[in-house]
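Got chain A sorted already, so can you dock chain B onto it with the hints?
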Amino acid sequence: MRIALADDSALFRSGVVLLLQASGAKVTAEASSGDELIACLFPAGPAAAHGPVDQERPDAVILDLRMPPTFTGEGISTAAAIRARDPDIGILVLSTFAEASHASQLMEAVGSGVGYLLKDTVTDAGNLISQLERIVAGETVLDPSVVRRLLARTRSASKIDTLNPRERDVLARMAEGRSNVGIAQDLFLSPRTVEAHVTSVFGKLGLGQTDTDNNRIRAVLAYLRSADDQH
Amino acid sequence: MLAQRRDHPLEHLVTRHEPDTLRPPADARGGPRPVRFYLWAGVILIALGGLDTAAQLPLWRQTPTLATVNLIMSLAFIATGLMLQRERGQRGVAWALILAGVFRSFDFIDAWNTGPWPVYAVVFGGIDRVFGGYAVLRYPRPALGRPERIYLAVLTGWMLVIRSLVVVTSTATSAGYPASSWWPAITADPRLGGIFAFMGNAGDAVFGLVVVFFLVRRLTETKGLDRIVIAPVIAAGLAAVAAASATAVAQIFSTVSQGPTGAFLAEDLVDFMLPLALLVAVIQRALLPRNLTGLSARVAARADLPGVRYALRETLHDPTLEVLDVSGAPAAARGSRGARVPDGPARELPTAPLPADALPSARPNRRLVEVIRTDAGAPIAVVIADAALERYRGLFDAAVRTSALALRNAQLQAEAARAELDSVRASRARIVEAALGERRRLERDLHDGAQQHLLGLAARLTAAMTRTRDPEATAAFGHVRAELGEVLAELRDLAHGIHPQTLVQSGLAAALEEVAERLPLAIHLNVAPDRAPPTVEAAAYFTACEALANAVKHARATRVRVAVRVTASHLEMEIADDGVGGADPSGKGLANLLDRISAADGEAVIDSPPGRGTAIRARIPCG
Chain A
1 MRIALADDSA
11 LFRSGVVLLL
21 QASGAKVTAE
31 ASSGDELIAC
41 LFPAGPAAAH
51 GPVDQERPDA
61 VILDLRMPPT
71 FTGEGISTAA
81 AIRARDPDIG
91 ILVLSTFAEA
101 SHASQLMEAV
111 GSGVGYLLKD
121 TVTDAGNLIS
131 QLERIVAGET
141 VLDPSVVRRL
151 LARTRSASKI
161 DTLNPRERDV
171 LARMAEGRSN
181 VGIAQDLFLS
191 PRTVEAHVTS
201 VFGKLGLGQT
211 DTDNNRIRAV
221 LAYLRSADDQ
231 H
Chain B
1001 MLAQRRDHPL
1011 EHLVTRHEPD
1021 TLRPPADARG
1031 GPRPVRFYLW
1041 AGVILIALGG
1051 LDTAAQLPLW
1061 RQTPTLATVN
1071 LIMSLAFIAT
1081 GLMLQRERGQ
1091 RGVAWALILA
1101 GVFRSFDFID
1111 AWNTGPWPVY
1121 AVVFGGIDRV
1131 FGGYAVLRYP
1141 RPALGRPERI
1151 YLAVLTGWML
1161 VIRSLVVVTS
1171 TATSAGYPAS
1181 SWWPAITADP
1191 RLGGIFAFMG
1201 NAGDAVFGLV
1211 VVFFLVRRLT
1221 ETKGLDRIVI
1231 APVIAAGLAA
1241 VAAASATAVA
1251 QIFSTVSQGP
1261 TGAFLAEDLV
1271 DFMLPLALLV
1281 AVIQRALLPR
1291 NLTGLSARVA
1301 ARADLPGVRY
1311 ALRETLHDPT
1321 LEVLDVSGAP
1331 AAARGSRGAR
1341 VPDGPARELP
1351 TAPLPADALP
1361 SARPNRRLVE
1371 VIRTDAGAPI
1381 AVVIADAALE
1391 RYRGLFDAAV
1401 RTSALALRNA
1411 QLQAEAARAE
1421 LDSVRASRAR
1431 IVEAALGERR
1441 RLERDLHDGA
1451 QQHLLGLAAR
1461 LTAAMTRTRD
1471 PEATAAFGHV
1481 RAELGEVLAE
1491 LRDLAHGIHP
1501 QTLVQSGLAA
1511 ALEEVAERLP
1521 LAIHLNVAPD
1531 RAPPTVEAAA
1541 YFTACEALAN
1551 AVKHARATRV
1561 RVAVRVTASH
1571 LEMEIADDGV
1581 GGADPSGKGL
1591 ANLLDRISAA
1601 DGEAVIDSPP
1611 GRGTAIRARI
1621 PCG
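Chains as they are written, first to last, in this note's numbering: chain A, 1 to 231; chain B, 1001 to 1623.
Don't read these hints as lab results, they were simulated from the structure. What you are looking at is a predicted structure, and each value in this text was computed from that prediction instead of being measured. Ideal Cβ positions, reconstructed from N, Cα and C, are used throughout, including at glycine. It cannot be assumed that every hint is accurate.
[Stated by the list, open to error] Interface residues of chain B toward chain A, partial, derived using beta-carbon atoms under 7 angstroms:
id: 1; residue: Gln-1451
id: 2; residue: Arg-1460
id: 3; residue: Arg-1481
id: 4; residue: His-1496
The following block holds chain A by itself, in its conformation from the complex:
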């Protein structure tokens, strides 16, 4: 497995490189920022389009969430940029602190073949390698603490209470696993109207406005949680 790495801490980077090499992976590139890594992976100019780059192409990249220049969410924008240029590269974002909102942003930016783990994962070589393999295989990996938090975010039943009856109908059918088209037929609505309702549901549940699988799952989780509360 070939891995590329971007982290502004040289100490951490060298530790991870050692760990990956000890675990049998090959580190193809290291960088101290997301931009540097992108420049390294996708060199500009026509000559670089083929050839050796393919051999150096990583199976996955490990990105620090906080990197220069602003130390806020560069890991996520770098992930989106890499995914846009090469959808087959798996992406693992590491963070010192598991933050649910960042995980959501990452899911929305990248979708699948992505992971969001605590940096503490580096204390378990086997776990790190197996999570990387899952990501390379196209799975989505979330740190258990993040999952707990995503669930916690849906805890507030009051958000469900803000939905109007029509939106609640739409959400109930989403929970049954129906697509927008299926819901439209069920409720005698146009697919466009259902889309509007779905967007509105996401908005009211504080999930962002886009209809992604991730959001659908979280909306449904919120719905199920509120149903639990009521019984």
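This is chain B only, laid out in the frame that chain A set:
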């Protein structure tokens, strides 16, 4: 500053400056020079006293008491008249008093019992009353009223005519004088003479009643400072009239044709009150500026418009006095009734500034107006007072000047206090900002330094572990790795506690969710996703953390509700638990919490009735 301007648009309200008012011209203050004046007055007093002594010379032998009292009376009137010479606008009154004094003793010139003097005494014997009446009725006004002028003219005419009639219808002997005295009798008819004499005395009594009417009317009509000044004069005048009437009645029933000495004496003594009262009045006027001391104390105690209004009303004895705020008066539409204050660009009086009771119905248009200005000339207030105060212009101006000083000082103080408050607020905001920056820096140092360093070490350790198969080494490594994991977790919590990245990046809602998740409580969050400025969010976040910690530690709560609302101007937060309540707002925890809110310039209310949970409501301004 206080000078009345001729082109004042409120001119119609302003009393015209009457030529005979008491306002001393600024450049010609005072009367004759004191030393020269007193010398002159002393000479006149001695001369007139000598004249009066001579006039009643025989009386000294007949009834020395009456003669002495007469002389003292005359001198008192003359002296008072001389004193009043120095009071501006009261020359007329002063001369009337001097003449009253001179003629007082001449009333008794008939004691000579020879020549024309008996006839003079009969005909002109009451002329001093006309002068005295003039002084009492007029003082301290610049002129007599028309009815009073007519009254005095009629009184004088009546006295001279009726007494002349008495003379021509009687003889010297029938009138009680020696036959040797000159007597222009036409028809010596004792009955007719008796009737005229009776009419004369009855007339005196009636005219006395009219004066009573005038004096009582003046007392009821005058208000304020005038009343204080004239009250003793009017009281003395009333007493004098009563005494004169009593004398007239006594003369009717008198068996002694020359007149009842006892009644004359009594009238003399009562009349003596008159110059005394005038003296008191003069002193009262002179002492009026002493009221300014009280005014200074009052306006110093309360230097706002209502305070100044009250102080001026008390000092100037004018309950209709108004002080109107024109400092920030919005420009009223032109053409409205709003009157422009002179030289105040675009500043206008409020359109209806005069309360109904500020205008006495008798003279609705005559008001005294002064504008109080700042040192720069911008109007602060307008003082509108009774026109009667024009007679006390010096006192009025001084009072307004004192008030103006107090108002200007108060305004300067308020400005200084406001500036100081602003600077304190700004410095507090800088401190809060700096503290927040310090927290962020600390968190970042931990994150970039120690945390990464330890994580790097952990990775190396893990790498090393993969290279050994030795079970003991693996166990030892495992042990170190586990402890390293604990250190990392602690460090993460520490960094997060110092300043959560979540708060910076995702806002209050996400940050509070993280907090809520770690607490063993059912926490119902209803936090708006809207962002507020970093210092506001931080203040709200740390307040909420402390409140939640209190709910767990002290309140033994099982459920907490946190609601946050963000508007353009404020962040509002309410944290309510179902715990034991009874929290002490002065306790350390809650005091800290309140300090946090105040530091962010916000306000907080803690409601913690025993047994009914604790609710904290905070409101923090956004910027």
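Outcome of the hint check:
1. Hint on Gln-1451 of chain B holds. Least Cβ distance to chain A is approximately 5 angstroms, under the 7 angstroms limit.
2. The beta carbon of Arg-1460 of chain B is positioned within 7 angstroms of a beta carbon in chain A (closest approach about 5 angstroms), and the interface hint is therefore held.
3. For the restraint placing Arg-1481 of chain B at the interface with chain A, the shortest Cβ-Cβ distance is roughly 5 angstroms, inside the 7 angstroms limit, so the hint holds.
4. Satisfaction of the interface hint for His-1496 of chain B is found here, the shortest Cβ-Cβ separation to chain A being roughly 6 angstroms, below the 7 angstroms cut-off.
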